[in-house]
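Peer 1: Sequence:
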Amino acid sequence: MMAALSAYIKTITALTIFSALACMLMPEGSFRKYVELVLGVLVLTAVLNPFLRIFGTDKGHMEIGMLQNQVRLEKFFLSSQDYEEIEQQRVTAAYGQVLEDRVKEDLTKKYSEIEWVNITFCQEIDDEDYGMIESITIGCAEEDAKKIQTYAAKRYGLPEEAVAVEE
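Residues in the sequence shown are numbered from 30 upward in steps of one, following the working numbering.
Treat each hint with caution, since some may be false.
Keeping only pairs whose Cα atoms sit at most 30 angstroms apart, straight-line, the calculated BS3-like set for lysine-lysine is [stated by the list, open to error]: (1) K138 with K176; (2) K175 with K139; (3) K139 with K176; (4) K62 with K39; (5) K139 with K183; (6) K133 with K176; (7) K175 with K133; (8) K133 with K62; (9) K138 with K175; (10) K183 with K133.
To be clear, the hints were calculated from the coordinates, so they are not data collected in a lab.
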C-alpha cells in the first residue's frame, strides 16, 4: 500500500515538473496554450487514475466498454444492408397499395360496380420499367367485364391480355 502511494506521488511530481519545464521552454504564442492544456490533462489524468479504479472505471472496464461498442457498431453496419432490403420491401408494398387504391378510385368513377383491384408492377430496381404496371386484375360484376377490360387497358397503356376481370 505504501509503495503504491509512493509511486502515485512520484508520478504526479514527475508530470508536474515535466509540465512546468515544458511551459518554461515554450515561446509565447497561441501554440503554448494548447501545450499547457495537454499537459494539464495529463496531470489531471494521473491524479484521478486511482479514484477511477476505486469507483470501478479502470482501464479494463473501459476497454470492455469500447469492445462492446465496436461489436454494436459492427452489428449495425452489417445489418444496414438488411435494413435497406427491409425498407425497400416496405416501400414496394406501400407503393403497390397506393397504386391499387388510385386505380380502383379511377376505375370506380366510370364503373361503380368495381369491388377490388389487384395490380402487378415491375419491382426490379435496375429495370427501366421499375414501378410500371404490368398487369391488372379487377373484381366486378360480369355484365360490364369486357368494357372494363378494354377501358382499363387503354387507360393504363396495357395490352388487353394484361387486364383480367373476375367476378
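Peer 1: Run every hint past the structure and note whether it holds.
Peer 2: Status of each hint after checking the structure:
Distance hint between K138 and K176 is fulfilled; the C-alpha atoms sit about 14 angstroms from each other, no more than 30 angstroms. Between K175 and K139 the alpha-carbon distance is near 14 angstroms, which keeps this suggested pair within the 30 angstroms criterion. Between K139 and K176 the CA atoms are separated by roughly 11 angstroms; this keeps the pair inside 30 angstroms, and the hint holds. Of the supplied pair hints, the one linking K62 and K39 holds, its CA atoms being roughly 26 angstroms apart against a limit of 30 angstroms.
Taking the CA atoms of K139 and K183, the gap is about 14 angstroms. The hint holds against a cut of 30 angstroms. Taking the CA atoms of K133 and K176, the gap is about 15 angstroms. The hint holds against a cut of 30 angstroms. About 17 angstroms separates the Cα atoms of K175 and K133, which keeps this hinted pair within 30 angstroms; it holds. Restraint check for K133 and K62: the C-alpha separation of about 72 angstroms exceeds 30 angstroms, so the hint is violated.
For the given pair, K138 sits about 17 angstroms from K175 by alpha-carbon distance, which is consistent with the 30 angstroms threshold. Between the alpha carbons of K183 and K133 the distance comes to roughly 15 angstroms, so the proposed pair stays at or under 30 angstroms and holds.
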